[in-house]
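> Chains B and C with the ligands: place on chain A using the hints.
These protein sequence lines are chains A, B and C, in that order.
Just so we're on the same page, my numbering is the position in the first sequence counted from 1, plus 51.
Just so we're on the same page, my numbering is the position in the second sequence counted from 1, plus 28.
Just so we're on the same page, my numbering is the position in the third sequence counted from 1, plus 5.
What the hints contain is simulated information worked out from the structure, not anything from laboratory work.
Glycine is no exception: its CB is placed at the ideal position from the N, C-alpha and C atoms.
The hints are all genuine.
Partner residues are not named here, just some residues of chain A that face chain C (Cβ under 8 Å, in silico):
| # | residue |
| --- | --- |
| 1 | Ala151 |
| 2 | Val155 |
| 3 | Met214 |
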Amino acid sequence: MPAIEARALSVGFRTERGVVQALSDASFAIERGETLVVIGESGSGKTVLAHALMRLLPRNVTLAGEVDLEGQPLLALPEDEMRRVRGRRMALIPQGAGSALNPVRRVGGLMLEMARVRGLGQGEAREALDGSLRELGLSFQQVAERYPHQLSGGMQQRVVNAMAMVGEPSVVIADEPTHGMDPELVDTTAEQLGMIARRGAALLVITHDLRLAERLGGRTALIYSSYIVELRDTAAFFSQPEHPYGRALLGALPEHGGVAIPGVSPELTQLPRACAFAPRCPARFEPCDEAVPPMFPLPGGGEARCYLHA
Amino acid sequence: MSAVPTTPGAPGAAGTPGIEAQRTGRVRRFLGRKRPVTVIVAASVLGLLVLAAVTADFVRPMDSRGINLARSLEAPSLAHPMGTDQVGRDLLTLAVHGLRLSFGVSILAAMGAMAVGALIGVAAGTLGGRADGVMMRGIDVFQSQNHFLFAILIVVLFRPTLGGAGAIALSVAVTHWVQVARIVRGELLSLRERPFVQAAVNGGVGRARLATRHFLPHLIPQLGLAFVLMMPHAIFHESGLSFLGLGMPPDQASLGNLLSDSRRSLMLGGWWTAFFPGALIFIASLCVGVVGEYVRERSNPRWRSELEL
Amino acid sequence: MIAVVGRRLLALPLILFAVALLVFLLAWASPYDPAEAYVQGAAAGDALTPELREQFERAWGLEDPMPVQFLSWLGRLVQGDLGESRYLSGAPVVDALKDRAYPSLVLLGSALGVVLVGALLAGVAAAAFRDSPLDWLIRTSAYAATFVPSFWVALLAVFVFAVQLDWLPAAGASNLRSVDGGRVEFRHLLLPMLTLALTQHGWFTLYVRDTLLEVLRDDYVRFAEAQGVGRVAVLFRHALPNALIPFVTLIGTHIPELIGGSILIESVFGWPGLGNLTRQAAIAVDIPLLLAIVLVGAVLVVLGNLIADLLYRVIDPRIRESMR
Ligand SMILES: Nc1ncnc2c1ncn2[C@@H]1O[C@H](COP(=O)(O)OP(=O)(O)OP(=O)(O)O)[C@@H](O)[C@H]1O
Ligand SMILES: [Mg+2]
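Chain A on its own, in the form it takes in the complex (with noise of 0.2 Å):
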C-alpha cells in the first residue's frame, strides 16, 4: 500500500475573476521509502498540490478528487481527525521558511508547541529537536529564544526543516526546502531529505533547484499549467524527457543551448479544454486541439501526458 495515493485530484479557488484551476487531474503515488519530485515554473500548481493533500486549503475551494494516507482516505475525513494526521502522520515544509514562522513568538517556544502537538512530552520535544537542528549545523539553544526576523533566510529555512522532521512521520512534503541556501547549505539538506526518505517516509520535494532534483533522484512529476504532464524515473526524466514541454524545459537551461519556450502559459481562469501547451508546442497535431490528454504509459516506464504517446 502506498504510503499516500492521489486519484484524479483538482483543486479550483472561486473568485471574483472566475474559477482559478490550480490543480486538474493530479494522479500518482509514493510509497514509503520513496522520493517523488515536483517541478514546474511558477504558479503552475506545485503549492496548491502540497496544500491539498494535507486539505490546508482557503474556503473557496473547489476539491475533486482522492487522497489516501495508508489507504485511509483523507478527503472525507472529519476536520477534528484532518487535524491529528497533521504534523503526526504527514508534515509540511511550507514554501517561505520566513513567513512561516510567527513573528511575534521566539523560536523555541513556537517550535516546542508544535513538537509537543504531536505527542511529545517536554523533555522529548526538546531533544528530538535538538536532534534534528543539530544535523542541520544548529543547536536548539542556538535559536530558542530569538524571534524569526533576528535569523538568516537559510537558518529559518533550517528551522522550518527540523519541525518538519520530529516525530517520523510518514509522509513528509517539502516545497522548496533549499530557498535562500547556499550550496553547501543545499548539500546538507539534501543530505536531511535523502534521510527522511532512507527512515522510510514518503517523501514529496517541491523545488524549482533542478540540479536538487536530480540529486535527489526517486522519481519527477513535471507541473504545467495546473496538469502533471510528465510522472517518470528522475534519472530518465533529466537524460530525455518525453513531453514536449519537458523538452523545451530542459533546452532552456542555459546548459543546453538557452532557447526559450516561445509564448506565454495559459491564465489559469481560461485553461483550454484541450492540451493546454498546444499553442506553444512545436510538435502540436490535430488530437492537441480537440480534448485534454490523459496520461498516457510510456515504453520506458512512467507517463505522459501527450497524444504522441497515444
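Coordinates of chains B and C with the ligands only, in the frame set by chain A:
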C-alpha cells in the same frame, strides 16, 4: 509627490463622526461584502425619510402649533403614532419637521465644509512645495483632535451673529473640510502629472477649459460622495449640539431639541418622546452611511479582495 | 527607544502650539467681545460705557495687534495661567480643571477598559465563527453602533434602568474626589460607563474581527495548522497576538472619539467631569474655560497617541529589536 489615485470620499464619514475610516482601512471592507439587499433597504428607507421631510408641511402641517395640555404625554396611538410631548404636541409632526430641519442644516453644513475644503485644497495643490507641506502637517494635527469639542467652541463663539443653523454649519465646515481638501489637492497633483494635461497645456489650452474638461469631471463624483458621507457627521453635530442646548434655538423642533426636551418627559415615563426622535437620527445616519459606503466600495476596486468571496 | 520618546515629546509642544493658535484665531475672528461678556457676567444691569470698555481694553491688552495678543496669551498659558472662569464666579480655570479631571479620567478609563475587553471578546468570537449568525449579529450591531447617537442611548438607558427599573441612579454623582476622598461611586459610574462603552465599541470590534481574519490567512497560521495545532490554539496563540499589534494604535487614534462621546454622556448623567463642565462653560459662554478645555483635550489626544505608539513599539518584537 506621487500621484495618489484619489479615491472617492473617505471623508472620515464612515461612522461615528470623527473617527476616520481610513485610519481603520480594513473596517470599510465590511460593507463591500454586504449584500445589495441591505443597501437597497437602506436606500429605500432613506428615500422615505427624505420624502417625509420634504412633504412635512402637507402631511403633518405645523400651523396650529398644537399645544394642548389636555393631551400631554399621550402614548403612541393611531392618532398620534409617536405619541405626544409634554405640552400635548403631536410628536410625529414635530419629528418630520425636525427631520427636515436636521437635513437642511446638515446640507448647509456639508456645503460649508465643501467650500472650505475646496479652497484649502486648491491652495495646497497649486502652491505646492513648502506651503503644501506645512498645510498637510497642519491638517494632520487638526485631524487628530476631537471635532465635537471644537464644534462646541465654534458654536459658542459664533452663534450670536450667525444664528443656530449658521453656527452649526460653520462648526461642521471648520472641522470636516480636511477630506475634501485632500481630495481636491490629490486630484490637482495627479492631474499635473498626467500626460494629457501636459499636452493640453503645451497645446495652449486655457486654464478654464482644462478645469472644466479634465479637472471637474474627475472631481465631481468624488466630491459628491464626500458630500453624502459627510451627512451623518452633520446630522450628528446638529443633534448633539442642539441636545446640549448649543445648537438650534429651543423653539425650533430640531431632532436634537426634541431629544433635549424629552429629558423631563422621560422621568414621567414618556419614553416615546426620546425614542422616536433619536431613532430618526440613528436611522437617517445609518442609511446614509450604508448607501454612501456601498457606493464607495463599488467605485474603488482596490479595496475588494480578489481572493475572498 | 529613548530617542523615539524624545522625538515624540518634542512634537508635543508643537502640536499644542498649533492647536492654541487655531483656537485663538477662532476666538479672535469671532464677534465675541470679552469686555461685554465680562460686564454681563459680573453684575446684572451694568451697562458697558465707552469709558469702561476702554479701561478693559487697556487692562487686557485688547488694543495690541493680534500677534502680540496671541503671544501674551500663550505666555500666560505656558506659566499655567489659564485665566479666570466667569461661570465659576472668577475661580482660576486651572483649579476647575483639576477638580473635574479625576471623574473624567475614571469614566474614560473604565469605559475604555470595557470597550477593549468587549471588543476583543466579540471580535474574536465573530472571527472564529465567521459567517455564522453570531458573526452576522456581532458585525451588524457593531457597525450600527458606530452610527448610533450616544446621547440617545444614554437617555434610553436612563429611562430603562433608572426610571422604570430603578436599579441605578440616573444622575447626581457628586464630585467623586471632593466628596468621597477618591472613592469611586460605582453605582453612579455604571450607567455612563456602559453607555459610553456601548456607543464606542463599534470600530474596535470590527477591527479585531477583520484583522484577525486577515491574520488567519497568513503563512504562519497555515504553517501552525499544517503542524496540527488545534483550532483554539491557532486562534489565540498564533493569530491573536499578531492581530493585537495594530489594534493598540487604534486605541490611540480613538482617544478623541472617547472625549467627544464623554461630553454628551457626562451631560446626560450629570457626571461631574470635564465633559459636563464643557457643556456648562459653553452655555455660560465662558470662553477662557472653554479654551482651556479644548487645550486639555488636545493634550489628552497627543498623550494617548504617544502612549499607543510606544506600546506598539514595545509589543512588536520586530520594532522593539530595532530600537535597542
Ligand atoms: N487561495 C487561492 N485563491 C485563488 N487562486 C490561488 C489561491 N492559491 C493559489 N492560487 C493560484 O493557483 C495557482 C498555483 O499556485 P501555486 O502557489 O500552487 O504555484 P506554485 O507552482 O507553487 O508557484 P511557485 O513556484 O511560485 O511557488 C496560481 O496561479 C495562484 O495564483
Ligand atoms: Mg509554490
